Amino acid sequence: MISPEHVEHIATLARIKLREHEIEKYQKDLSEILEYFEVLKEADTSSVFPMTHSVLQESVSREDEQRSERPEVIERMFALAPALKDGFLKVKAIFSAR
Amino acid sequence: MSIKELSIKDIHKGLQEKQFSATDIAHAAFEEIEKQESSLHAFLGLTKELALQQAKETDKRIAKGEPLLALSGIPCSIKDAILVKGEKCTAASRMLENYIAPYDATVIQKIKEAGGMIVGKTNMDEFGMGASTENSAFGPTRNPHDVERVAGGSSGGSAASVASGECTVSLGEDTGGSIRQPASFCGVVGLKPTYGRVSRRGVIALASSLDQVGPFGKTAEDAEILFQAIQGKDALDATSLEAPYEKSGFGEAKTLRIGVPKEYFAKGLDKEVEKTVRDAIGKFEGAGAKIVESELPHTKYALAAYYVINTTEASANLARYDGIRYGLSKDAENILEVYFNSRGAGLGNEVKRRIMLGTYALSAGYYEAYYLKAQQVRTLLKQDFDTAFQQVDVIMGPVSPILPFPFGEKTVNPLAMYLGDVYTVPVNLVGLPGISLPAGKAGNLPVGLQVIAPALREDLLFSTGKLWESIQ
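Read top to bottom, the protein sequences are chains L and R.
In this text, residue positions in the first sequence follow this note's numbering: the first is 1, and each later residue adds one.
In this text, residue positions in the second sequence follow this note's numbering: the first is 1001, and each later residue adds one.
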């Protein structure tokens, strides 16, 4: 059973704000699902490599040349930004005097 | 006029014989949508202007005597996880409620180039997380066969829009069954291609090593036509394959060897589903196909491996929803609070649950036990399938262990919903192609037959589908 403190820690890592009543609900859900994951321990994986693709490909690469996005696409992307200033995305200060 | 019964071939015949125009078809589709939407809610938004503009171009082609393109005049709906330029793309989440796609996904470019008419964006489980479309932030989609029951998920809207006749074909996306299961629940054909067959560029990512875009149609042929239009290598998707589609198929029924894994008919399978699926397999045998009992011994680890990989990859893919560049943004005192508040407000319960599971499984001390272990189990599963395919051409079984269920029945307990994915997830884990064919009904509820083929052998699946349509 995963503790409420651990749930809060995970939520912090995931940058998700949880309300008090949510912590207990997720504690219950996560514990049950993590318990189900325990079945993986029974699998004998001693002689196998991890798999990520069904059809193996060699390193897929492209020429190292500059490719710029089309101006009209950039315009549409900036139109989606929550806050802009002088053609830049505006965000809260990263470094603050605290 | 009604488009409900018309296949792609029917529409093309009608266009060529000038029985109707593409514009007529577009209007007929929107009329059907207007008639049915209040009881189904398959769509989150319609794209009337786009469809009519595409119809006009097709009508111009016909007037000039130019040949029809593969999807000319065909009404097609698109799961709202796939970007259509200038249209909202919400992934059924409050996080993207007002997000307008700045560009077309590669698959959309291909549909447009093939003359397809995009009629609207369909409802889904939020960010693809779910198997019933009940996790949509904008209300669920109802099953056209029984509106008190779910349409399946996560591509529930896509499946319902085709099953109801609101449109002819649809594009969905499948990570752990999200095309095949709603196809099964709604009684239509749904294909998940081989991983890498179809470009994922411009598709809102859930789990990058599992996601694949695929077609829905009323028939195997319609699904194949859409599949051919969208498949192909894309320089902008490094995981896409250079593998031209070969329509070989298997010729006569008596040359077909069908594997039936005993693990897919074990405890937990609803009796009516089992009977319908076994009857269908029996008809293949009656047509001359050879039935072989297959073994997929590591099946029991597949669901756990899947949910580890799904949640861990999702936690990484959904980290981008931070209220900074697009999407819901909650103002706060400092940047950390912007992240916390935006994500807290924008993401639904199932999404938060999965992100947290994934975060836990990837956190220090747990990576080997969960993610690495799950990736190793994938190799064991792939070995199972490779061994089985040495004896058979295709593998058959149920798509879902249960029938389409009433709203709310599976949402109390998250694990209960996950257990319904037991037959579909192995196919995504090993990257093989899988199709759901309408096998019959239990009462008035559709049951799907899942057919799985070796990598890049979608032709065997479509061939099987066409054979099924002739023997059922």
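Don't read these hints as lab results, they were simulated from the structure.
Please read all numbers here as calculations on a predicted model, not as lab measurements.
A portion of the hints provided could be inaccurate.
[Stated by the list, open to error] Which bits of chain R does chain L cover? Going by a derived footprint, with three or more residues having C-beta under 8 Å, they are:
#1 1048-1061
#2 1172-1182
#3 1188-1197
#4 1324-1336
Cβ atoms here follow ideal geometry from the backbone N, Cα and C, with glycine treated the same way.
For each hint, the structure was consulted:
By the rule of at least three residues with a Cβ nearer than 8 Å to a Cβ of chain L, the coverage given for the region 1048-1061 of chain R is violated, with 0 such residues. Coverage of the region 1172-1182 of chain R by chain L is violated. Counting CB-CB distances below 8 Å, 0 residues qualify, and the rule asks for three or more. Interface restraint, the region 1188-1197 of chain R with chain L: holds (3 residues with C-beta to C-beta distance below 8 Å; minimum three). Residues of the region 1324-1336 of chain R lying with their CB closer than 8 Å to a CB of chain L number 10, which satisfies the three-residue condition for coverage.
Violated hints, listed in ascending order, are 1, 2; each of the other numbered hints is respected by the structure.
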